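**Q** Below, each chain spelled out in residue letters.
Number of protein chains: 2
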Amino acid sequence: MTQLKNVTIIKKANIYFDGKVTSRTVLLQDGTKKTLGIMMPGEYEFSTELKEEMDIAAGKLEYKIAGGEWETIDGSGVFYVPANESFQLKVHTVVDYCCSYLAE
Amino acid sequence: MTQLKNVTIIKKANIYFDGKVTSRTVLLQDGTKKTLGIMMPGEYEFSTELKEEMDIAAGKLEYKIAGGEWETIDGSGVFYVPANESFQLKVHTVVDYCCSYLAE
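As given, the protein sequences belong to chains A and B, one line each in that order.
Under this note's numbering, the residue at position 92 of the first sequence is numbered 92, and the numbers go up by one with no gaps.
Under this note's numbering, the residue at position 96 of the second sequence is numbered 96, and the numbers go up by one with no gaps.
Isolated chain A (complex conformation):
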């Protein structure tokens, strides 16, 4: 799915870590939400509220979900973070991602 159709986009960007991580919020017709984001190289930690699907479209990173091992994605890949969990990222090259918030 290369396009998201019939959606609402919130114009104002979400800006974290002095702009090294930014995203735009997309509201889908089914009531769910995605963010399309960019991460510059660096190390970051995030926490979830809902379960998240992190779909990496470009870039190289390592991720570690609390209690787990470091895993690498280079170029493209998907990982899931449970609700109410934290995860760490080491971003090595500019990452283009789509995060989907899942109700479970």
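Source of the hints: derived by calculation from the structure; they are not laboratory data.
Being a predicted model, the structure only gives us computed values, none of them experimental.
Please note: incorrect hints may appear among the correct ones.
One copy or any two copies: either way a pair holds, since identical chains are not told apart in the list.
Here are the simulated lysine-lysine pairs, DSSO-like style, with alpha carbons at most 30 Å apart [stated by the list, open to error]:
#1 K33 to K20
#2 K5 to K51
#3 K33 to K64
#4 K60 to K5
#5 K11 to K60
Once you have looked at the hints, place chain B on chain A.
**A** Here is chain B on its own, set in the frame of chain A:
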């Protein structure tokens, strides 16, 4: 207008200057196009094909359209770039912008 409704967004990011300038392309129902973007601090030069409206929602920058003077926007502001023209930017803090491509 804080939201763009009933639009199509292209998932893949537009990435320039090693990720220091990134944007997402939004296709509107009237056939026009906008990009929602982020610029990290730095100096950049761009060229237009269509006339562009650059609507700055956050950040501080200076801009100079070919043949013109340097002008400053701090926080919010709009400027226009004619079709087939170049413009320079000095971005001082993270800029959140919406660029509208105008048919004239």
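**Q** For each hint, tell me whether it holds in the structure or not.
**A** Hints, verified against the model:
no.	hint	result
1	K33 to K20	both (22 Å within a copy, 26 Å between copies)
2	K5 to K51	both (23 Å within a copy, 26 Å between copies)
3	K33 to K64	within (23 Å within a copy, 38 Å between copies)
4	K60 to K5	within (28 Å within a copy, 32 Å between copies)
5	K11 to K60	both (27 Å within a copy, 18 Å between copies)
The structure is consistent with each of the numbered hints, conforming to all of them.
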